[in-house]
Structure formats: structure tokens, C-alpha cells
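Colleague: Each chain, written out:
2 protein chains.
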Amino acid sequence: MKVCVVGCGLIGGSLGLALRAQGATVVGQDRDRAAADRALELGVLDAIGDAAGAEIAVLAVPVRSIPACAQALTGLGAAAVVTDVGSTKAAVVRGGEAAFGGRFVGGHPVAGSERAGPDAADARLFAGRRVILTPTPRTEPAALARVAAMWRSVGAAIVEMDAERHDRVLAAVSHLPHAVAYALAGALGALGAESFRGLAGGGLADTTRIAATPAPMWVDVFLENRGPLLEALDAFAGELAALRGAIERGDGAAIAALIAEARAARARILG
Amino acid sequence: MKVCVVGCGLIGGSLGLALRAQGATVVGQDRDRAAADRALELGVLDAIGDAAGAEIAVLAVPVRSIPACAQALTGLGAAAVVTDVGSTKAAVVRGGEAAFGGRFVGGHPVAGSERAGPDAADARLFAGRRVILTPTPRTEPAALARVAAMWRSVGAAIVEMDAERHDRVLAAVSHLPHAVAYALAGALGALGAESFRGLAGGGLADTTRIAATPAPMWVDVFLENRGPLLEALDAFAGELAALRGAIERGDGAAIAALIAEARAARARILG
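As you go down the protein sequences, you meet chains P and U in turn. Mapping of the first sequence onto my numbering: position 209 corresponds to residue 209, and the numbering continues sequentially without gaps. Mapping of the second sequence onto my numbering: position 270 corresponds to residue 270, and the numbering continues sequentially without gaps.
It is worth saying that the hints were derived from the structure and are not from the lab. Note that beta-carbon positions come from the ideal geometry of N, C-alpha and C, so glycine has one too. Hints are not guaranteed to be accurate.
[To be verified] Chain U regions said to be covered by chain P (calculated; three or more residues, Cβ under 8 Å):
hint	stretch
1	94–106
2	178–189
3	247–259
Generate coordinates for the entire structure from the input sequences, incorporating the hints supplied.
Modeller: Here is the structure:
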């Protein structure tokens, strides 16, 4: 199998390493030539090159760069399949189908880290994780099967859902936590970060770990998934206001009830 | 050295294990007799008993139980020192000094986990961590020195600050993140937890890990540190509103700036 990976960051780089470990040939490129060179050096790629001869092209760039990236794709064969790894899907799939018709399959590996760039690539990043694919009535079954097989070959399990549902679910389980983590780290800055150094326990480090992620990817995700994210933010603001109110009026029973509901919800999602 | 630990949960239990590993004799008690029995079985305690003969009594119970716990302390010698491990300090220190005068030293080990009870006890919990002590002009220097020596013997470093400053700092670096984590888990419940099962990445697990902590301790902390916590919650709400506004108006530059500030603040505190 020959795969072309466009974008050699954490996700594209990890996919390249993982596919090569399974015997696939991986060519790739990055608009940042230094990142492509580094990816080659790290063994993420067999070669820097275009999509000529590739059975699958994977667009692994921030979601709002996907349309330009798709347009710039050269060498793509008539039978080749195109997929992406973006954290939002509705607009990406519309754009992908406009460019590639039923040979485009929207994808999103639910895996990542706060690190970025080819040096963060990890061949085991997708092992045991889920990859959400968002086919439409227009998607060619063979294209879907080929993308699913690629992800299964690197240890991932496939979940299919429609793109709109994907975006609502991910707004809740991923985009909202990122927004909250950034706001929390920002609030600590406003409250006097310097004087807190060395005084935080592990709770703060964990709660804000994802706020260490650099901006470009998340600016795109927040803008691209604005509607579902605003809904999720408002649900969160409601919970926070309820907890604040209970604290302000000294209502221990209400605080205990909110904590119990929160623990139960967490256990239902992650337990 | 003989130490009496009142409360055999995560913190009291871990301190018992750690002190015994250093050769101290540890007697203890818990209003939940089963917890005390379990602590004895796990080697947290040499014996179940009161403070007779102890040089230090450590009140390791939820902060709003400390006054009753202090009143119920039996067997305490006239030269014995009393300290606590509560997450808030101003009210605790006032109560402790009312009961024990200059022999009371407020303390707070900045260490913990989302687990609770004697089975969560870990002899290494305090190694390399900080313990904040909050002496007042009334505190006897020998009492302060004795409590500091106890914590150093289990690997902790001592930081001294006044109780009011402690409560403002901890409202920001600990109580706020806990409140946010509970609100986030609660919001996910409201948004449809069941349908999210298996679809969350590591970010959600980390961001809400501290929301797995059972209620009693945190109800007490939120109520006891209401003033500083409400200030911290309002700073957070301001950051969140700024981020929400930027998302709503599609202002990528503003989102990028907020993310950059958040990352910088996090690095200043934790880096």
C-alpha cells in the first residue's frame, strides 16, 4: 500500500510512522519544508513527494487549511481515495465531496496529545483508539473500506457516524474541554500566575494539560465548529452558574448534589 | 517520635504509612471505625488510640469537621502540638488557636489524588511535594519547628505563608480547577453522557480527573473558602466569556491571543 500524507505534524507524522511499521510506503509533504525534512529524517516518510501512485491521500492539516490543501494536491490518480484527520467534520466533508466526490471520506482519529510537530510523532498513537469516519450517501463503499482498513492496520477501531452528529459529540467531549482548559489557564494568569509557581498540585497540571496545545489547530476547530461549541459552552456556563450559586448561598446539599451528578456523568462517559 | 493521626483517609493514611516507614510510632482513630480497623490492617497505624503520649496530633478530616474533631481530641499532653492538613486555612487556624493557642500550627500538604479512604494511602504521597504551614504571631516557634520536621521526615519541602494568602492562592490553583472540573463533567452529563461513551480522547479524562473526587471534602472546601473561590470563579467566568465572544464573532486573532496568554500563564505556573 502506498499512502501520501499531507502535513507532517503530530497526527500525520504518527500515521506515517505507524503505516511504515506495517510495511506501507509513505510519501509526504508539508508546507513547512523544514517539517517535511525532519519527518524524513525521523523515518515518518519514505520520501518527500506528491500523491502520484498513492492509493490514499491523507490531509493532516488544521481543518481550515483542508480546502487549500485539497486544491494543491498533485499527482492524485483517478482511483485514489482522499481522507482527512480533522477534529470537525461537517464543513470538511462538504468541501471534500465538492473536490473529490464519493472518493472523499471524512475521518477523525480520537487520539492526540498536547505536543505538536513531527518530533511528537508516535507510531503507537492510534493503537486501541477510535477513528470516527463520516460517510455520506455519496461515499463510494470501496473508498470507505480502504480508509477503514488503513486505520485498522495501525491498531484503531472504526466508528461510523454522520458528520453533524460527530461535530455535536466532539463539541462536548473535546472542544468544550479544550476551551475550558484555556479559560482556566488564562484565569490563573489574570489572578497572578507568578505567585503560584510551585504551589499547584497535580490537579491543575492535569486540568490544564490540553491548554499546552499550540493555537493554530484550536483556532480552526473553535471557528469551524462554532454552533455546536457555543451550545456546549452554554451548557457548561449553566452548570458553573449553578455551582457558583450554591457556593454563594452556602448550600452544602446543593453542592453535594452537583458533585454527585458530575461524578456520575464522568463515570458514564469514561468508566 | 509518636504521632496521633485523627482521620485515616487518603492524607491521614498516607502520613501514617510514611511516618512509620521513618521509624515513628503512629496511633490513630477515625469516626468511621471500619476505616480505622482497615488502616490498622494496612499498616497505616501501630495502634488505634488517642493522643496520650503523642508529641503531635494531626487532624486529617474534612475542614468543616476540624472544630468538632479538635474538641473530641482526648489524651493530649500539655506540651503536645496540634496541626491539620486542611485545604483551607484562615478559619481553621482561628479555630485551632482558640482551642490550642500557640501550640496549633495550620498545615496543608499540596498533594493528593482523586482517590479516598485508607486503601488509597501511599507512603510516597508527600515525597518531593510542598507542605504549606501558616503560622501566626501567636504560634510557638518550637511547635512550628516540630510540625515542619515531621513533614520533612516524609520528604516534603516546607513553604510558610499567612493563612489568608494561602486561601487566595489555593482558591486559584486548586479550588477553582476542582469547581471547573465538576461543572465540566456535569455539563457533559447534561449534553448526553451516554452517547459519548468511548468517544472521548485523553483530554477529557485528564481535564475531569479531579471531578472523580468524592463530595464531602470538596463541599467543605467550597463553603469554607467561599470568598476567595467566588473571586477566582468570577475571573474564570470573565476569561470564558472573552473566549466565547471571540468564537461567536468568528475572531480568530482574538482566539489565538487568548490561547497564547493561557499557554504562557500555564508555563509560568507549572513550567
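Colleague: Does each hint hold? Answer for all of them.
Modeller: Status of the hints after comparison with the structure:
1. Remark: the stretch 94–106 of chain U is not confirmed as covered by chain P, as 0 of its residues place a Cβ nearer than 8 Å to a Cβ of that chain, below the required three.
2. Only residues whose beta carbon comes within less than 8 Å of a beta carbon in chain P count, and the stretch 178–189 of chain U has 12; three or more means the coverage holds.
3. Counting residues of the stretch 247–259 of chain U whose C-beta sits closer than 8 Å to any C-beta of chain P gives 8, which meets the bar of three, so the coverage hint holds.
The earlier numbered hint that this structure contradicts is number 1, and it is the only one.
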